[in-house]
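K.L.:
Given chain A, put chain B in place with the hints provided.
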Amino acid sequence: MNRSVLPRPDLERPALLDVHNVSRLYGPDKGCQEINFRLHAGEVLGIVGESGSGKSTLLRVLAGLEAPDAGHVAYHSANDDTLDLYAISEARRRALLRLEWGLIHQNPRDGLRMGVSAGANIGERLMALGQRHYGQLRAAGQDWMGQVELDPGRIDDAPRTFSGGMQQRLQIARTLVTRPRLVFMDEPTGGLDVSVQARLLDMIRTLVRQLGLSVVLVTHDLAVARLLSHRLLVMRRSRVVEAGLTDQILDDPQHAYTQLLVSSVLTP
Amino acid sequence: MNGYNFAYLDEQTKRMIRRALLKAVAIPGYQVPFGGREMPMPYGWGTGGMQLTASILGSDDVLKVIDQGADDTTNAVSIRAFFQRVAGVETTTATTSASVIQTRHRIPEAALSHGQILVFQVPIPEPLRFIEPSEQETRLMHALEEYGVMHVKLYEDIARYGHIATTYAYPVKVDDRYVMDPSPIPKFDNPKLHMNEALMLFGAGREKRLYAIPPYTRVESLDFEDHPFEIQAWDECCALCGSETSYLDEVITDDAGNRMFVCSDTDYCMTRRGEVA
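So the sequence lines, in the order shown, correspond to chains A and B.
Residues in the first sequence are numbered from 1 upward in steps of one, following the working numbering.
Residues in the second sequence are numbered from 1 upward in steps of one, following the working numbering.
This is chain A alone, in the form it adopts within the complex (with noise of 0.2 Å):
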């Protein structure tokens, strides 16, 4: 196998994501607090924690859906420039979501139009860039519903008829189909049985390898963050409390919450 071909992270460039001192606060510790971290590119940053730790507070400021109290955001965009994330307009932030991001919900329906099919699903970030063939649409639509492991004849049935597992994946698709350089998932197997989410998560880990993708995953689950991702933030009480790779964490925890999140999960 020619390995030439993979995509590697690429140490040298800058990183994608630069966070720095970011605060976003509905309380006193509700929501989260001087953040520091960097993504490079090809990186898979998962983000764990209780619930109300602040990871989707944190995911959320990350994809400029929610300015932060304090801190800035600076994204280094496809054309080489550094972008703060809250200083550009509101027209370049939703522009960079929709071309160069991609966010998954947990809830698929949050992500997915429930009322057009699956193909006008996948098509309309293809559209949004100004693909205007229908044929190369639909072609794009069937192909990534093979890559998903869905069937592409099911490509003019609405969202509704497919099961949880289908409609995540169909998100996926969505997502991935204009190629973004950063995805945000949140919980993405959150509300999936074991073996929905094992398959699921094999195909993501395959997708991201293949497509070199840079991922920030928020997650409560520690398989799945162990599975994905190459680095982990422990948050707790809107703070990181510990930061490192993802088996340094999981096999040598140092934080005493970190000792009690990773001894508190169950092995059969």
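No wet-lab data here; the hints were simulated from the structure.
The beta-carbon is built from N, C-alpha and C at its ideal position, and this holds for glycine as well.
Be aware that a few hints might be false.
[Said to hold, decoys possible] Counterexamples of contact, computed for chain B against chain A with all Cβ distances above 12 Å:
| hint | residue |
| --- | --- |
| 1 | Arg19 |
| 2 | Tyr30 |
| 3 | Glu38 |
| 4 | Ile56 |
| 5 | Ser59 |
| 6 | Arg85 |
| 7 | Val149 |
[What the hints assert, rightly or not] Chain B stretches covered by chain A per the calculated footprint, using a threshold of three residues with CB under 8 Å from any CB of chain A:
| hint | segment |
| --- | --- |
| 8 | 155-163 |
| 9 | 222-231 |
[As the list claims (entries may be wrong)] Covered, in the sense of this in silico footprint (three residues per stretch, anywhere, with C-beta under 8 Å from a C-beta of chain B), are these stretches of chain A:
| hint | segment |
| --- | --- |
| 10 | 80-88 |
| 11 | 109-117 |
| 12 | 163-176 |
P.N.:
Positioned in the frame of chain A, the structure of chain B alone reads:
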């Protein structure tokens, strides 16, 4: 007529609507909010169009009102009678001699000329509404020109029916900027919007929005490269005047399934037959 101001609306209201109209003309295709008034008929019967007509009408204007192309249908007759009564303006059914034409669902077949004004009655002014229920969000989408979803609807049509099945209220892009709902005119009339010599005003009474296409404005119907925009065509010609180029209505003539096709534009049909309505 005593007790009413000229053309029913008070002067302040007409000024307010005219100001909104100026803005609409300055930004072709942009939906301008206005303070809609109660009119003496229900929403959905053309209150938006009537308020615009009332605001632009002068005593020397000649008014024509059509409904589905016809001058003699209920809606057209009553609105024409209304303005005759409250404004005392001259009315006509001849497209060429009218200076203001209020219309529902059609653009007249006869070419409009510079100086004429066409007023449309609009039920739902927001072309993005079918996919985005939030008004705040649709306004933002217009502001940022996020129009990808408009093609989602056309895509769905082709996926379901094999062709673009939208036949009326077919979305257009005005002057390369705003996507606009041309009110429920058949897509047959969409090409007439492009570079038309007349001023076209659109009023939605319930939604309290108005918008405009100034004369000589580029108007382009949305489509796909491999499924280009097409207008309706008929195998028959008009049973009364023999026209092969006009928009035809199918009329059932008896219980045995007999039918005939006639021009929907009555003035056009009668003029061709040499009759004066």
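K.L.:
Could you run down the list of hints and mark each one as holding or not?
P.N.:
Each hint, compared with the structure:
1. Arg19: 28 Å, holds
2. Tyr30: 16 Å, holds
3. Glu38: 34 Å, holds
4. Ile56: 35 Å, holds
5. Ser59: 47 Å, holds
6. Arg85: Nearest chain A Cβ is 45 Å from B/Arg85, so the label holds.
7. Val149: Violated, because the least Cβ-Cβ distance between B/Val149 and chain A comes to about 7 Å, which does not exceed 12 Å.
8. 155-163: holds (count 5)
9. 222-231: This one holds; 5 residues, not fewer than the three required, reach chain A with a Cβ under 8 Å.
10. 80-88: violated (count 0)
11. 109-117: holds (count 4)
12. 163-176: It is violated, with 0 qualifying residues against the three required.
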